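If you're matching them up, the sequences are chains A and B in order. Numbering follows the working numbering, with no gaps: position 356 of the first sequence is 356. Numbering follows the working numbering, with no gaps: position 93 of the second sequence is 93.
Below, a sample of chain B positions facing chain A; criterion: calculated Cβ distance under 8 Å: (1) R18; (2) P32; (3) G33; (4) G35; (5) F38; (6) F54; (7) T55; (8) K57; (9) E60.
These aren't lab readings, by the way, just hints derived from the structure by calculation. Since the structure is predicted, the reported quantities are computational estimates derived from the model, not experimental observations. Quick reminder that beta carbons are idealized off the backbone N, C-alpha and C, glycines included.
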Amino acid sequence: MYKFKKNPDLWQRFFLREQIIRTIRNFFYKEKFHEVETPILLPALIPESYLDVFETFLKDRHGNKKRMFLATSPEASIKKLIAAGLGNCFEITKSFRNGETGSIAHNPEFTILEWYRIKASYKDIMSDCENLILFLYKNLKSQISAFQINKLNHKSLSSVLKMTDFEIVYQKQKINLAPPWEKLSVVDALKKYADIDFDDITEKKKSDLFPAEKLAKVAERKGYNVNKNNSWEEIFNQIFLNEIEPHLGTHGKPTFIYDYPKPMAGLAKIKENEPRLAERFELYIAGLELGDCYNELTDYNEQKARFQNEFILIKKKKKTKVIADNNFLQALKTGLPPCSGIALGVDRLVMLFTDSYSIKDVLLFPLD
Amino acid sequence: MSKITTSDFQKGIFIEFRGEPHQIVEFQFVNPGKGSAFVRTKLKGIKSDKVIEFTYKSGETVEEVPVNVKEMQFLYKTDNNLVFMDNINYEQINMPIKLIGNFSKFIKEGEIYQVFIHNGEALGLRIPKKVKLVVNEAEEGVRGNTVTGAKKTVILETGVSVSVPLFIKKGDIIAVDPETGEYQERISQ
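Isolated chain A, as found in the complex:
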């Protein structure tokens, strides 16, 4: 906390953080959403092989121990509420992901915003994203630009003053937030930025639609180092991170990148007539990955199969074997209405509006 005594200007970005969170709430109250509070301490989780979880023990009155976990996101709990008939809702809460240190965009404990719309699709959530971020910009414009002018004082005051409406600067990149934002499918992005044809790295009909060897050949030709243990997802994501991600939300507009290959489906629904793609999008602004949205998977059997598949991957990757949230599966069985939902990183949103390089700069008590 000494840094605040030494430099009282540092409080500014935390005052803006306060207002961002308050304004997010106002946006969803205006949209007539319910605000929910779901547990952080949970007896069971959705198995997700790419996440490390925090594990702890609950002790009862007799000293008996029971394994418990910290929530990696409020998704399972919120979907249970929706299956029970709640309707449109949002939550701002803390979530926890173990092992996520040494990164400018991750803190093991972070603030997450999730919202869900019933009978809506991911296209509607794209509009929500545009509207929410514009609402924040309009309501906090003077604070945002005052902050940026303050910060850029000695360097490029003139360039800030020249900023037109809806423009922000993040790490020297000018971004215009006026809709419509760029919408780019993963398949098109692959072609455009990596010169890869989706058909050349997948199979259309065979039992394994995503053969790692097929993608490995393409990756090796590009100079990547690939071995037999690398999964299709790993090789794909390496190409994605090196050749596609640098273009997302960095050409003056935010980018929605949508329809992900099934190995990266998460809890998203598979596209009708295209078993290789899942209806999921991510939102990037100025290279920051801000949000992850699904047309929610409502099919109990498919969800159950994905649970089993994740447990196989958890074992393979030697991650903590979690206790499966069977109540979540039951909720799907009783019927989750068609809906779409998104998780948005609140800390990263604050980074964007305060032009902060690292997530540590927007947390009062960052780890490390």
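Based on the hints, put chain B in the right spot on chain A.
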């Protein structure tokens, strides 16, 4: 050469990237949504002097380029080279100026530097976080000008111009961050 994995990455070490030794300037972990962990690096090419970004799969193996770090005295600059001497055996070595980038404006004759050597060739040197240099030329600060943050430009002993607070005078020793060229503090008057 020896194989290392991404978990052995450290700032400053040299690895082979597409056939050329590169120094790891920066690295951090990234997790794409619904994906495995990766390590994003900034790599500086020794020969090309270009900084590129590359993202490795977490656990991927790379070749480490063995580099000796030797304390050597900087003697003088020629048109394209910097000449260093090993003060133990008096051997001299040339290092292309472009290998040290902006630091060539701050390097001081007679100082000891840590030089990176691979196969008898100088690959670069460990660039210090701050350099202490004498102010050779400075105008008098304008009296009565108390606006905070007012600056003037002075010329240091290596010939580089630096923006400093008004109270800095000719003959002062100041500390400068060679990476940004920014004034840090006055060491002595």
